[in-house]
Amino acid sequence: MLDFYRRLHRTIRSSSGDDDEVRADGGVVSDGSAADPPAEPDRDLTARLKASLDRRFGSDFMESSVFWLPPFLLMGLFVYGAVIWNLLISLTDYQRFENAPDYSNLDFEMYTRALADSGFIDAAVNTLVLLIAFTAGTLAVGLVLAILIDRGIRFENSFRTIYLLPMSLSFVVTAQFWLWIYNYNNGIANNLIGTFGLGPVSWLGNQDIVLYAVIFALMWQFSGYAMVVYLAGLRAIPTEHYEAAQVDGASALKMYWRVIIPQLKGATISAAVVLMVFGMKAFDFLYSLSGGYRPPNGADILATKMVREAYANLNWAYGSAIAIVLFGMALSVIGPYLVYEYRRDNL
Amino acid sequence: MSDTEPRTDGGTTTRTTRLRRTLDRMTVEDVGLYVVLALAAAFYLVPIESGLVTSFKTGTAIIETAPFAPPGPSGLTFEKWRTAIDVLLRGMGNSLLYAVPATVISAFVGSITAYGLTIPTWNKSYKALVLMLIIAGIFIPYQAVLVPLTQFWSQWAQLDQVLSFVWALGIDEDYVGIIELVITHVAYGIPICTLLFRTYYKTMSDEMIESARLDGATLRRVYRRIVLPLSGPMFAVVLIYQFTQIWNDLLFTLVIVSTESSPAAPVVLILAGLGSSLEGQDFALRMAGAFFAALPTLAVYIFFGEEFAEGVAA
Amino acid sequence: MATLELDSITKTFQDGDEEIVAVDDVSLSIDDGEFLVVVGPSGCGKSTTLRMVAGLETITAGTLSIDDRVVNHVKSQNRDIAMVFQSYALYPHMSVRQNMSFGLEESTDLPDDEINRMVGETGEMLGISPLLDRKPSDLSGGQQQRVALGRAIVRDPEVFLMDEPLSNLDAKLRAEMRTELQRLQNDLGVTTVYVTHDQTEAMTMGDRIAILDGGELQQVATPLECYHEPSNRFVASFLGEPSMNFFDVTLEGDRLVGDVFEYPIDEGIRSDLGDATDLVLGIRPEAVQLVDAAGDHEFETTVDVVEPMGDENTVYLHFDPDVEPENASTLVATIDGFNRVSEDDTVIARIPPDAIHLFDRSTGEALHNRSMENAADQIDL
Chain Z
1 MLDFYRRLHR TIRSSSGDDD EVRADGGVVS DGSAADPPAE PDRDLTARLK ASLDRRFGSD
61 FMESSVFWLP PFLLMGLFVY GAVIWNLLIS LTDYQRFENA PDYSNLDFEM YTRALADSGF
121 IDAAVNTLVL LIAFTAGTLA VGLVLAILID RGIRFENSFR TIYLLPMSLS FVVTAQFWLW
181 IYNYNNGIAN NLIGTFGLGP VSWLGNQDIV LYAVIFALMW QFSGYAMVVY LAGLRAIPTE
241 HYEAAQVDGA SALKMYWRVI IPQLKGATIS AAVVLMVFGM KAFDFLYSLS GGYRPPNGAD
301 ILATKMVREA YANLNWAYGS AIAIVLFGMA LSVIGPYLVY EYRRDNL
Chain P
1 MSDTEPRTDG GTTTRTTRLR RTLDRMTVED VGLYVVLALA AAFYLVPIES GLVTSFKTGT
61 AIIETAPFAP PGPSGLTFEK WRTAIDVLLR GMGNSLLYAV PATVISAFVG SITAYGLTIP
121 TWNKSYKALV LMLIIAGIFI PYQAVLVPLT QFWSQWAQLD QVLSFVWALG IDEDYVGIIE
181 LVITHVAYGI PICTLLFRTY YKTMSDEMIE SARLDGATLR RVYRRIVLPL SGPMFAVVLI
241 YQFTQIWNDL LFTLVIVSTE SSPAAPVVLI LAGLGSSLEG QDFALRMAGA FFAALPTLAV
301 YIFFGEEFAE GVAA
Chain B
1 MATLELDSIT KTFQDGDEEI VAVDDVSLSI DDGEFLVVVG PSGCGKSTTL RMVAGLETIT
61 AGTLSIDDRV VNHVKSQNRD IAMVFQSYAL YPHMSVRQNM SFGLEESTDL PDDEINRMVG
121 ETGEMLGISP LLDRKPSDLS GGQQQRVALG RAIVRDPEVF LMDEPLSNLD AKLRAEMRTE
181 LQRLQNDLGV TTVYVTHDQT EAMTMGDRIA ILDGGELQQV ATPLECYHEP SNRFVASFLG
241 EPSMNFFDVT LEGDRLVGDV FEYPIDEGIR SDLGDATDLV LGIRPEAVQL VDAAGDHEFE
301 TTVDVVEPMG DENTVYLHFD PDVEPENAST LVATIDGFNR VSEDDTVIAR IPPDAIHLFD
361 RSTGEALHNR SMENAADQID L
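If you're matching them up, the sequences are chains Z, P and B in order.
Taking UniProt numbering, the leading residue of the first sequence gets 1, the next gets one more, and so forth.
Taking UniProt numbering, the leading residue of the second sequence gets 1, the next gets one more, and so forth.
Taking UniProt numbering, the leading residue of the third sequence gets 1, the next gets one more, and so forth.
To be clear, the hints were calculated from the coordinates, so they are not data collected in a lab.
Some hints could be false.
Claimed, not checked - Which chain B residues stay away from chain P? Per the calculated CB distances, all over 12 angstroms, these:
no., residue
1, 57
2, 138
3, 258
4, 344
As the list claims (entries may be wrong) - Facing chain P, according to a computed beta carbon distance under 10 angstroms, are these residues of chain B, among others:
no., residue
5, 58
6, 60
7, 62
8, 76
9, 81
10, 84
11, 90
12, 93
13, 97
14, 151
15, 163
16, 167
17, 171
18, 299
From a predicted model like this one, the values you see are computed outputs, not experimental measurements.
No residue lacks a Cβ here, since even glycine has one placed at the ideal position from N, Cα and C.
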């Protein structure tokens, strides 16, 4: 038996011995050890540079950069490069059929023009109303659905699938559905309130109503998403907490309000951020609703106004300026969120 | 005793007994719960159901029947679907032409990026900085990059001239838009794909990766032989999520392909103009078009609902 | 094979603004073919030390050499080491054979049939040949453990590193594997560093053991040396179950004065103490004897609790019957299983002068240990 080990040993030894030699020569460079024979000065230099980078950023920095750096650069170029370029364009007077912006004369003219444009102010106000009402409403509906579904019901999967279904549809598709629902003569909305002797209401024609009609439709599409996020949050709460609250004699309502909902803070924050972003992308919905760049009167938001100014009116610089305002709004939501996630070590 | 009896009797009795027993145990509160859940389900389904029945109605049936009621035999027509398919079919092809490659590429790139940012050891705070920049990319309103994007594709990249040999083969020049859409969607898809894969890779056993490194595997080999083969479940999630997002997106198609009459026009672009390009508002046609355009994503959702839910929840 | 040399190895972590020293100036030198067990309570830095040897953690200061080659900045895969992890870390999507071949495929240019042959032979050696085509998820914990071991052995590395490899096994299997691991290491003769928190593994497996506490090396010696001649109070208390008895005493002339007893010492011991007067007296439970006659080193005590273990009894003794049991000074003694004592009995406990340890109370340093020869004599008795 022992003889067998020795034989095994010898074979392994001899083979890995060869390997050592191969490694001793190639290995040093990749190890970044400065003890490299200075045969090729170039190689020595890159080796030393690599070593110092590795020492500063961590042992795998150089080797791992192959994986993340090219995609990061591509994405950085398209996202941050484009935002900076956009900022530059917004400082020019680029419009109409000029081939390229003239960067020699930069000023804030487009931003002062925006402040003087009542259409811009309306759109900005609408954007804020839409973001806040849509986010709050969707979160509330999603939370209620999640709590109902989490009560150990039967057919849970079927209900969840149905509630999330609208989210899989394109804005372009759902816009068609809601156009039909809000139809003045034959739509379900007027049909429904008609049974209570109300209406008919011109949902998309009335400037005071249209924004809320749009918000309602968006809530329909995304409350399933909020439900899924809350459901995951609820599932993470140990059953003992429910049981402890019940033993303490708390009513169901009180238990949720005082024990469960406070623990859903993390879920609420991440869902709210994502929903606000969806809200800012409501462009697709509004565009499809009207079949063009101009959404129904009273429902113009910054996202639609920006595209309209740039692509319909060819006011490129002005569109860019509106885009920067929109970007600033997004940043004011995402920035704190990312810092929050970083602090919680969640990145 | 009652347990054994139905079993010899047959399946139907078992089911009814069980149902009855379940009903016996139901309290008023439970009934209320199910009623609320069912009403909510109706709320989510009615817009879709009403769209579906309307798509089969003739013009008169639309006026005469309730919007959510099915058409009577006299009001039933498949004409609208035929028209919708005629108009949208080429758009479907175009959409697939960019949605499929863009989905696959962005999933792979996301997986590689997430791997490089999760598994190898390097300074945590630099990693966090790179990650923050990437994650912020998920939330950027695309309006903020539209004008430069137009500039880039129309003035700088000049892909249509580079690819002139392709047009010589008789392919319409507008198809350059499809290639531009693939690259654009990949670039803007990297953040979300990276984030999804990262949440998955974070749960992988550190010891397993360390063991592979000690076994002499380089980072590339660790990815190829350990991490990639174990990424299957996450690829399902990411592919489904990305496909839905790319297929459904209107904004980029609008600024890159711009006109619905273009031979390269994607289905969402044609659909958005479907109603308005015709006299009056032909809702039946709109509904038929909407359903036809939504078929791929609906199919994906129905077959892979779990993965979709996981993708949106992450 | 190889020697392994740790010279003033230090590891600090940055936690916010705070700097945490995980491993503090540890120097160790491990001979070719030696089996060294690194032991200590959790958080003592033993795993961090092992991971620095493996190249999984960077070394903050000091040098690490394998066979006189400094490897501080050599990547893990080029150090020619194999590691067995506590979780086994098997690749779940690969069969046992693929798991074992992986390292050879990645680190050598051996042809496939050669690799296959070596995997087959190693599998035979470990008795896992029938499992070679199964996936790790189909194996029991013990079988997974063997595969993890086989994966390390087949690579025939310069150094084996083992991070609590047996702690996920049940007690019976753990005892079996302990012996088997020792046998394998003997046969293969590979330098091995073995980390554990289990003192039984430390005492039984290692040629030498290194005891760590708070990131600092306390003692490196053979298991028996560490047990009988601990370098400080921590080592004395860490090894041995039940733990050594400690009493705070003050040296007054030739007597050690404690709260509950006075203990005369002879000149031999006295000379070991130097100037120190604030001391801790230590006595191992098995050194305490129950005797009939009273004397200078004999004390009358009351039995508080008896824990019968079968072959022996653990007896908790109190010096002062008037003090509430929870406040009284307790002396733990291990006595023969046939020696029947029961609770509340009054017994005379002898603390033999040749078996006592004395530590400096402020530094914990051992000033006087029982001598190994005496200990051996006692075992003969």
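(request) Check the non-interface label on residue 138 of chain B: least C-beta distance to chain P beyond 12 angstroms or not. (result) With a cut-off of 12 angstroms, residue 138 of chain B remains clear of chain P, as the shortest Cβ separation is near 17 angstroms.
(request) Could you check if residue 90 of chain B really has its C-beta closer than 10 angstroms to a C-beta on chain P? (result) holds, 7 angstroms
(message) Would the hint on residue 76 of chain B be counted as holding, given a Cβ-Cβ threshold of 10 angstroms to chain P?
(response) holds, 5 angstroms
(request) Verify the interface restraint on residue 81 of chain B: the C-beta must sit less than 10 angstroms from at least one C-beta of chain P. (result) Result: holds, 7 angstroms to nearest chain P Cβ.
(request) Could you check if residue 58 of chain B really has its C-beta closer than 10 angstroms to a C-beta on chain P? (result) holds, 9 angstroms
(message) Let's test the interface hint: is any C-beta of chain P closer than 10 angstroms to that of residue 171 of chain B?
(response) Violated - the Cβ of residue 171 of chain B stays beyond 10 angstroms from chain P, reaching only about 23 angstroms at its closest.
(message) The output says residue 258 of chain B does not contact chain P. Does that hold with a beta carbon cutoff of 12 angstroms?
(response) Non-interface label on residue 258 of chain B holds, nearest chain P Cβ at 49 angstroms vs cutoff 12 angstroms.
(request) Using Cβ atoms only, decide whether residue 299 of chain B comes closer than 10 angstroms to chain P, and label the hint accordingly. (result) Hint violated; residue 299 of chain B Cβ to chain P Cβ min 52 angstroms, cut 10 angstroms.
(request) With a cut-off of 10 angstroms on the beta carbons, see whether residue 167 of chain B makes it to chain P. (result) violated, 13 angstroms
(message) Take the shortest C-beta to C-beta distance between residue 62 of chain B and chain P; is it under 10 angstroms?
(response) Since the shortest Cβ distance to chain P is 20 angstroms, the answer is violated.
(request) Go through the hint on residue 93 of chain B and say holds or violated, using the shortest Cβ distance to chain P against 10 angstroms. (result) It holds, given that the least Cβ distance between residue 93 of chain B and chain P is near 5 angstroms, below 10 angstroms.
(request) So, residue 60 of chain B near chain P? Judge it on the closest CB pair being under 10 angstroms. (result) Violated, because the Cβ-Cβ distance from residue 60 of chain B to chain P comes to roughly 14 angstroms (cut-off 10 angstroms).
Hint violations for this structure: numbers 1, 6, 7, 13, 16, 17 and 18, all remaining hints satisfied.
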